[in-house]
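So the protein sequences, as listed, match chains A and B. Quick note: the first sequence uses the numbering used here, first residue 756, plus one each step. Quick note: the second sequence uses the numbering used here, first residue 2, plus one each step.
Just to be clear, a hint being listed does not mean it is correct.
To spell it out: a stretch of chain B is covered by chain A in this simulated footprint if at least three of its residues, at any positions, have a beta carbon under 8 Å from a beta carbon of chain A; those stretches are [said to hold, decoys possible]:
| # | segment |
| --- | --- |
| 1 | 47-59 |
| 2 | 117-129 |
| 3 | 228-235 |
Read the hints as simulated data drawn from the structure, not as lab findings. Note that CB positions come from ideal geometry on N, CA and C, so glycine has one too.
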Amino acid sequence: MMDHGVTRQAQPIVLHPLIIRITHWLNALAIFIMIGSGWRIYNWEPLFGFEFPAWMTFGGWPEVSQHWHNEEGLAGALQWHFASMWLLFVNFLVYLVYGLTSGHFRRTMLPIQPQEILRDLRAALGGQLAHRVGERNAVQSALYIGVITVIVLTALSGLSIWKPVQFQELTAVFGGYDAARYVHFFCMAAIVLFLAVHLALTALVPKVLPPMITGRAPRRR
Amino acid sequence: MSPIRKPDRRGFLTGGLSLGALSLLTGCDLTDNEPAQRLLWNMSCWNDRVQGWLFNPNRLAPTYPESAVDRVFRYNAFYPEEQAPQLDPTTYRLELSGSIGDKRSWTVDNLYQLPRTSQITRHVCVEGWSRIGKWGGCPLRIFLEHVEADLTKNYVGFICADGDYTSIDMPTALHPQTIMAFTFADQILPRKFGYPMKIRIPTKLGFKNPKFVVALSVTNDYPGGFWEDYGYNWFSGS
Chain A
756 MMDHGVTRQA
766 QPIVLHPLII
776 RITHWLNALA
786 IFIMIGSGWR
796 IYNWEPLFGF
806 EFPAWMTFGG
816 WPEVSQHWHN
826 EEGLAGALQW
836 HFASMWLLFV
846 NFLVYLVYGL
856 TSGHFRRTML
866 PIQPQEILRD
876 LRAALGGQLA
886 HRVGERNAVQ
896 SALYIGVITV
906 IVLTALSGLS
916 IWKPVQFQEL
926 TAVFGGYDAA
936 RYVHFFCMAA
946 IVLFLAVHLA
956 LTALVPKVLP
966 PMITGRAPRR
976 R
Chain B
2 MSPIRKPDRR
12 GFLTGGLSLG
22 ALSLLTGCDL
32 TDNEPAQRLL
42 WNMSCWNDRV
52 QGWLFNPNRL
62 APTYPESAVD
72 RVFRYNAFYP
82 EEQAPQLDPT
92 TYRLELSGSI
102 GDKRSWTVDN
112 LYQLPRTSQI
122 TRHVCVEGWS
132 RIGKWGGCPL
142 RIFLEHVEAD
152 LTKNYVGFIC
162 ADGDYTSIDM
172 PTALHPQTIM
182 AFTFADQILP
192 RKFGYPMKIR
202 IPTKLGFKNP
212 KFVVALSVTN
222 DYPGGFWEDY
232 GYNWFSGS
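Just chain A, with the same shape it has in the complex (with noise of 0.2 Å):
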């Protein structure tokens, strides 16, 4: 379960190595920059009956904006959507060369039984499942999983708008550029969700927060 045994009794467990830190922060900020910018850029043309709050989005401050680019925040949220997407770029591309050929993935999702995320979800569900530091249940497992498909998603997606002539059969597997426009939506809409579990399970343990820091957990017993 660990990626690093630390033996002697005394010392703290080793829990996240630097690299799966480092990675995960500068994730959590791409994201946050991605999303807000992205929900200012959606404001420009709806897709649905909605709009999101204009304090929600990213991209600078409309009186500022109105300064630099002439108009309420479309070209700041552009020009951060498109800044950040290289640091979710090279960021996810070293966290997945390293979960892939590190075997950190293989350590910590796998194997995965269908059966085994019922039960735990049922038991989560109930309030029945314990957490223990550096473990994972099949629900966080499976979670991972789907979230990690999801930004491949969504930058897939992402990039069939950026370029729906250059990539042009990349935009076609996504139904073409207006049905690509949906798919970038829903991706981000499960990630917001992800976002929302990953958050208040956090809250429920808050001892889970520390490790992701420090990288270190007490021993348990």
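Chain A is fixed; fit chain B onto it per the hints.
Coordinates of chain B only, in the frame set by chain A:
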């Protein structure tokens, strides 16, 4: 390789303050925001470079059947439709400048003599919406060759009668689907869509498709653009 805009030539950060921005800027905003703004400009320049690499001069934008054309095409500009310029075909001239051998100006009648092609392509707006339309006119490459433009230069710049201006990279200017459009939906290009001539570029976002074009230049000096100088990505390729 496609031309790369140099950050120091770009916008109002380090040079060439646009008048609109100059009148609105205060020193406070400049100092408060400069590092973040500079980072964003540099990332936008990096994205220009990447898009130049991604641009395949032989890659055609998807085309559609007549049945796919949006019958009510969306009007979009930074002024209401009734304020669109009304250019008089008897006085209109397309002025040429820069690295062009034959700089004589062109009347509407002259332009209408040019060979024509047509395309049904998707117009994608930077705001996110898209519409399929039919445009007809002369491939820009044929025109540039005809006036003996230096095709090794980096940029083709356009000035419009509505106060807009923009510029594109030479590879895009020479792309077979980049046309000087004189018709829309098989009719003479209507006033609201840029009579008498707009540049239709299906490999770029809508705002890089200038309307009411009255001047064209071929140059190595980055000409910028109205929205580009305000921070919209210059290459804005599709």
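Here is what the structure says about each hint:
no.	hint	result
1	47-59	holds (count 5)
2	117-129	holds (count 6)
3	228-235	holds (count 5)
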